[in-house]
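Chemist: The primary structure of each chain is shown beneath.
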Amino acid sequence: MSFVLSVLVLGGLFVALAGALVIAERVLVNYGICQVDINAGGRTLEVEGGQSLLSALYGGKVFIPSACGGRGSCSYCKVTVLAGGGPMLPTETPYLTRREIRTGVRLACQVKVRGDVQLRIPEDLLNVKLFTAVVEATRNVTHDIKEIRLSLIDPAEMSQRAGQYVQVQAPSPDGPVFRAYSISSPEYEPREAELVVRLVPGGIGSTYLHGLTVGETVTFTGPFGEFRLNEDPAIEVVCVGGGCGMAPMRNIIYSLYRRWPERSCWLFFGCRTIQDIFYLQEYEDLARRHPNFRIVYALSDPIAPGEQWHGETGFIHLAVDKHLEPGVDRRAFLCGPPPMIEAVTHVLEAKGLRAGDIFYDKF
Amino acid sequence: MNETHVLIIVVAVIFTNNILLSNFLGMCSFLACSRQIDTAVGLGSAVTFVMTFTTALNYLIYRHLLLPGGLEHLTFIVFIAVIAGFTQFVEMFVERFTPKLYYALGIFLPLIAVNCAILGAALFMVIRNYTFVQSVGFGFGGGAGWALAIILMAGLRRKMGYSNVPRPFQGVAITMVVTGVMALAFMGFAGMVSIQ
Numbered sequence: 001m002s003f004v005l006s007v008l009v010l011g012g013l014f015v016a017l018a019g020a021l022v023i024a025e026r027v028l029v030n031y032g033i034c035q036v037d038i039n040a041g042g043r044t045l046e047v048e049g050g051q052s053l054l055s056a057l058y059g060g061k062v063f064i065p066s067a068c069g070g071r072g073s074c075s076y077c078k079v080t081v082l083a084g085g086g087p088m089l090p091t092e093t094p095y096l097t098r099r100e101i102r103t104g105v106r107l108a109c110q111v112k113v114r115g116d117v118q119l120r121i122p123e124d125l126l127n128v129k130l131f132t133a134v135v136e137a138t139r140n141v142t143h144d145i146k147e148i149r150l151s152l153i154d155p156a157e158m159s160q161r162a163g164q165y166v167q168v169q170a171p172s173p174d175g176p177v178f179r180a181y182s183i184s185s186p187e188y189e190p191r192e193a194e195l196v197v198r199l200v201p202g203g204i205g206s207t208y209l210h211g212l213t214v215g216e217t218v219t220f221t222g223p224f225g226e227f228r229l230n231e232d233p234a235i236e237v238v239c240v241g242g243g244c245g246m247a248p249m250r251n252i253i254y255s256l257y258r259r260w261p262e263r264s265c266w267l268f269f270g271c272r273t274i275q276d277i278f279y280l281q282e283y284e285d286l287a288r289r290h291p292n293f294r295i296v297y298a299l300s301d302p303i304a305p306g307e308q309w310h311g312e313t314g315f316i317h318l319a320v321d322k323h324l325e326p327g328v329d330r331r332a333f334l335c336g337p338p339p340m341i342e343a344v345t346h347v348l349e350a351k352g353l354r355a356g357d358i359f360y361d362k363f
Numbered sequence: 001m002n003e004t005h006v007l008i009i010v011v012a013v014i015f016t017n018n019i020l021l022s023n024f025l026g027m028c029s030f031l032a033c034s035r036q037i038d039t040a041v042g043l044g045s046a047v048t049f050v051m052t053f054t055t056a057l058n059y060l061i062y063r064h065l066l067l068p069g070g071l072e073h074l075t076f077i078v079f080i081a082v083i084a085g086f087t088q089f090v091e092m093f094v095e096r097f098t099p100k101l102y103y104a105l106g107i108f109l110p111l112i113a114v115n116c117a118i119l120g121a122a123l124f125m126v127i128r129n130y131t132f133v134q135s136v137g138f139g140f141g142g143g144a145g146w147a148l149a150i151i152l153m154a155g156l157r158r159k160m161g162y163s164n165v166p167r168p169f170q171g172v173a174i175t176m177v178v179t180g181v182m183a184l185a186f187m188g189f190a191g192m193v194s195i196q
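Protein chains in written order, with this note's numbering: chain A, 1 to 363; chain B, 1 to 196.
Treat the hints as calculated values from the structure; they're not laboratory data. Please read all numbers here as calculations on a predicted model, not as lab measurements. Incorrect hints may appear among the rest.
Okay, derived cross-link-like pairs now, DSS-like style, lysine-lysine, Cα gap no bigger than 30 Å in a straight line [unchecked claim]: (1) A/322 with A/351; (2) A/129 with A/78; (3) B/100 with A/78; (4) A/146 with A/129; (5) B/100 with A/61.
Taking the hints into account, I'd like the entire structure generated from these sequences.
Modeler: So, in structure tokens, the structure goes:
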């Protein structure tokens with residue numbers, strides 16, 4: 001008899017506790033519908049309070065960049081919160097500079113929407129959409145770099161600028177995450193998005209993309225990126241990159257020559273061995289049609305016996321130093337590992353470029 | 001029926017029978033959250049809040065449900081369930097009204113549920129036959145004593161930041177040594193009041 005009573009009392013107590021907690025949650029954690037005002041009236045969203053600002057924005061189809069899926073580890077989701085963000089959290093401060101903190105920059109994935117919020121984000125981001133695409137073709141261009149061509153389904157067209165990137169949704173053990181990849185297809189092909197991806201061992205995005213087969217569906221947001229090709233055809237464009245830094249540069253070169261067939265452009269591409277070279281043939285064909293397009297490939301590893309190489313050797317910044325005349329009016333686009341970017345920036349500054357003339361991708 | 005005056009109980013459980021320094025209950029969150037004074041104050045307040053209310057709640061459930069029903073064997077499990085439920089409530093409260101503290105405490109806020117000091121206080125209340133008023137006082141005093149200990153430790157750890165702690169002792173080791181010394185110091189209060 002005592003067993004029955006024990007079970008009843010215990011069960012009753014647990015139900016009472018659970019009920020009290022549910023009521024408390026309704027009362028305490030209920031924030032109601034909140035207004036998110038973006039760019040002083042540019043866009044207004046009505047969102048359910050209690051979620052992170054990042055998920056509220058995504059729910060309202062405003063796709064700000066985010067690589068880690070809201071876990072506070074990538075710092076891509078910076079937005080300027082003018083009001084309603086609550087106190088700055090210790091999970092955000094490691095990623096923000098003092099000036100950013102002063103001007104109200106926050107990580108959207110860490111800000112909880114508890115009331116009306118006022119935000120400021122770059123206008124460009126309001127044009128970012130969620131795309132569904134299908135894999136049209138894949139091609140291995142080197143032993144670890146793959147070219148993946150996606151055909152857009154919905155929306156069917158993407159208006160992008162050369163140098164921009166997309167964030168591809170890839171599966172991970174903790175749920176879907178986004179990884180950034182530059183668009184290598186040119187601006188004049190709005191129905192396609194081509195990516196050039198190097199397989200990084202253990203990398204979530206590259207493993208997913210390398211495993212895709214023709215016909216599979218891919219989801220991505222974009223286009224992101226502030227790079228703008230200078231509109232003055234007299235200004236020379238210099239592209240310097242390594243490895244899969246080729247992707248944005250391919251877009252820039254093809255887009256540029258469609259618009260200005262006579263424009264002067266240099267491509268400096270650095271890699272380690274002959275096996276890492278790709279697109280050289282295509283570019284040489286392009287150079288035959290556009291004589292002001294100059295190509296320099298540099299191999300940093302010593303040439304193996306029996307191999308034939310007629311291009312440059314050594315690191316790419318040395319090739320840049322060797323080939324560029326100082327004092328020419330030019331803009332530079334760099335894409336590669338941080339030490340390369342630093343070295344090339346020094347060389348370019350010695351040739352007369354200012355910091356504002358050099359653009360580099362930070363991923 | 002325990003005859004001790006509630007104020008004596010409160011003073012005793014803070015000083016002479018400090019639940020952390022005399023009974024060594026609640027050590028893990030004490031060691032983990034005693035690095036910053038702000039966090040220590042925050043956690044100390046949360047533990048005091050939980051301890052006061054759960055001791056009172058547990059008294060009511062014990063006296064009016066378990067004892068009359070002959071269900072003393074359910075004491076442990078019921079106490080733990082009440083403490084866990086209440087901690088959940090405190091978590092929601094802290095998250096809503098003081099989000100900074102919520103993130104500063106991190107995992108240690110829900111870990112209050114398994115803080116043995118809280119279960120210890122409830123069980124002492126049973127063993128020593130406290131009345132309702134005594135239970136509330138005991139819970140409050142226990143929490144206050146725990147908070148006192150953790151805030152003192154936070155202050156001491158800040159000072160220790162400027163000392164030359166030998167490598168093998170850095171971190172938890174020196175903290176435990178200092179806790180022992182603090183316990184010795186609190187023994188100096190012995191004889192002031194007594195509850196046992």
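Chemist: So, for every hint listed, does it hold in this structure?
Modeler: Structure-based check of all given hints:
no., hint, result
1, A/322 with A/351, "holds (11 Å)"
2, A/129 with A/78, "holds (18 Å)"
3, B/100 with A/78, "holds (19 Å)"
4, A/146 with A/129, "holds (25 Å)"
5, B/100 with A/61, "holds (29 Å)"
Every hint, counting from the list given before, is met by this structure.
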